[in-house]
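K.L.:
Take the sequence shown: its position 203, counting from 1, is numbered 203 in our numbering, and each next residue is one higher.
Label pairs and their computed distance ranges (CB to CB):
no., residue 1, residue 2, range
1, P232, D255, 29 to 35 Å
2, G125, R150, 29 to 35 Å
3, P232, D310, 25 to 31 Å
4, V418, E355, 40 to 46 Å
5, E370, V123, 33 to 39 Å
6, G278, P410, 39 to 45 Å
7, Q397, E355, 31 to 37 Å
8, A394, G233, 14 to 20 Å
9, D255, A394, 39 to 45 Å
10, G198, H345, 39 to 45 Å
Don't read these hints as lab results, they were simulated from the structure.
All C-beta atoms in this analysis are idealised placements derived from N, C-alpha and C, irrespective of residue type, glycine included.
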Amino acid sequence: MRRRRPQRETHEMHQPVAQRDSCLRQRDSGTDAIICAGGRSCAVRHPRSCLVRRRRRRIPEVGEIVEQDEPRAAPLAGITVVALEQAIAAPLCTRHLADLGARVIKVENPGVGDASRHYDGVVHGMAAHFVWLNHGKESAELDVRDDADRQVFEGLLERADVLVSNLAPGALGRLGLGPDDLVERFPRLIVVDISGYGTGGPLDHKRAYDLLIQSEGGACAITGLPGQPVKPGVPVADIGTALYAYSAVLAALYDRDRTGRGTVVRVAMLDVLAEMMGFAITTVLHGGEMVPVGLGSPTVAPYGAYPTRDGATVVLGTTNDREWRRLTEDLLGRPDLAADPRFAHNSDRVGVRGELDEILRDWCSGHDIEDIQRRADEAGIGNARLNDVRDLAAHPQLAERGRWREVGSPVGPLPALVPPAMGEGWPRRDGRVPALGEHTAAIRAEVEALRPGPDGGARPA
Numbered sequence: 001m002r003r004r005r006p007q008r009e010t011h012e013m014h015q016p017v018a019q020r021d022s023c024l025r026q027r028d029s030g031t032d033a034i035i036c037a038g039g040r041s042c043a044v045r046h047p048r049s050c051l052v053r054r055r056r057r058r059i060p061e062v063g064e065i066v067e068q069d070e071p072r073a074a075p076l077a078g079i080t081v082v083a084l085e086q087a088i089a090a091p092l093c094t095r096h097l098a099d100l101g102a103r104v105i106k107v108e109n110p111g112v113g114d115a116s117r118h119y120d121g122v123v124h125g126m127a128a129h130f131v132w133l134n135h136g137k138e139s140a141e142l143d144v145r146d147d148a149d150r151q152v153f154e155g156l157l158e159r160a161d162v163l164v165s166n167l168a169p170g171a172l173g174r175l176g177l178g179p180d181d182l183v184e185r186f187p188r189l190i191v192v193d194i195s196g197y198g199t200g201g202p203l204d205h206k207r208a209y210d211l212l213i214q215s216e217g218g219a220c221a222i223t224g225l226p227g228q229p230v231k232p233g234v235p236v237a238d239i240g241t242a243l244y245a246y247s248a249v250l251a252a253l254y255d256r257d258r259t260g261r262g263t264v265v266r267v268a269m270l271d272v273l274a275e276m277m278g279f280a281i282t283t284v285l286h287g288g289e290m291v292p293v294g295l296g297s298p299t300v301a302p303y304g305a306y307p308t309r310d311g312a313t314v315v316l317g318t319t320n321d322r323e324w325r326r327l328t329e330d331l332l333g334r335p336d337l338a339a340d341p342r343f344a345h346n347s348d349r350v351g352v353r354g355e356l357d358e359i360l361r362d363w364c365s366g367h368d369i370e371d372i373q374r375r376a377d378e379a380g381i382g383n384a385r386l387n388d389v390r391d392l393a394a395h396p397q398l399a400e401r402g403r404w405r406e407v408g409s410p411v412g413p414l415p416a417l418v419p420p421a422m423g424e425g426w427p428r429r430d431g432r433v434p435a436l437g438e439h440t441a442a443i444r445a446e447v448e449a450l451r452p453g454p455d456g457g458a459r460p461a
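Using the sequences provided together with the hints, build the complete structure.
P.N.:
Set out below in C-alpha cells:
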C-alpha cells in the first residue's frame, strides 16, 4: 500500500463549509477526483487546487496488516520542501527531511549560493560543511527580488508543503515573504522561521551564529576549565536548532493531516540552547553552582579521562553508588575505598573529585588501555577510548554495522554516513550533492508548465 500523502490544498477548501461538504461528498467513480459543488472537476484547472488526480485509498485500522502491492515509499515521499537557507541550522533540518524522502529545493543566490559552499575546499574543491549538509537536495539559483524569479519562487510555494528559512533577522518580511502573510496566502503551507533570538525582545535584531549563541547562552562558561571557557568542538546550537526544527516539521505535517491547515513554526537558537542548558539553569536557580571540569562531569564523580601506560587515554565513569563499589572492588582492587565514608555517596565524591582523579590516574598509568577496558567491561563499568576524528572515521563499530554509504557529487562519489534514525523497511535516499544552480532550468520549466493556460487548464508540457 502506498503511503497516503498529506492532502494538498483543494478547490473546495475555499468554499463555505456547507458547500465544501457537498464538494467532498461528490466523487467521480472512475477517478476518485473530487467534484466541486458547482459541478466542476477540482483538478489541475484551478490554481491552488488538486494538482494531481489521485486515487484515495482506505487508511488501515490500527493493528491491521496490509499486504504491500508495490515497493514501499519513503515516509516523506510526495512532500516538497522549499529552503531559503544557509550555513548549518536550516540546511541540516532539510537534509534530514530529504533523508526521509522529501523533495528539497534549495533556493540559492545566483552566482554565489549558500555561504557554506565557500568555507573551504577540502572535499576535492568543495567545502566539507556543504557536502555534509546538502546531499539529496536540488539547487535552484533564484533572486527572489527579481520579478521573474519571484514568480518562479511563488510558483514553488503554491505547490510546496514546507518552507524552511534561516535568513537574517527580518529578511523574509523585507522580501514580502513574512511567515504569517505566507500562511494566509498559502493556507496549507508550513513555514519554519529559524532565527537567533526570536521575535521581540532586545536582541531580536541581532545576527546569530553558533559561537555567538553558545556564548550568549552560557554554554562556553560551563565547558573547559575554571577561568578558561571553551566552545564545544561540535556546533551544538546549530545542530540542536536543526533537530528541533526537523521534529516540528514532522509534527506540523501530522497536524495538517488532521486540520487541513499549515502553520508558522518559529525556532530561536537561543531558546534551543536554553533548553539544552536546562540542567545547568535548574541547578543555579536552586542555589547550586556550575563549575566547568574539562573532560569530566560536574555532577558525578569519579568520571574523567586518564592516560594509560601505552600512551592512550581511557575514559571511566560511575553514575551511582553501586557502580562506585564495582569500580573500587572489581577494577581497582581497593575495597578500602568503597568502605571509606568520605566516598559513600555521589554528593560526597563530587566534593573530593581531585583526590579520586589522582587515584584513578595513578592506577591507569600502570595498565594498557585494552587491559583496562576489558576489566572494566567485566566489572560493568562504563568506559571508552578517547579518540580523535580520524579514529571515528575508521571506527569498526560504524564500519561493521554498515553506517557508511556513497552519495554522488559534481566531483564523483563521496562517503557519507547513513541517517542515524531510520525505520525498518524504509527505503534509503542516497541523493547527490548539487552543483550551484544544477536544477534551475528544470525547476523553471516545471513551474511554467503548471501555470494556468489561456483556457484555465495547465499549459502543455
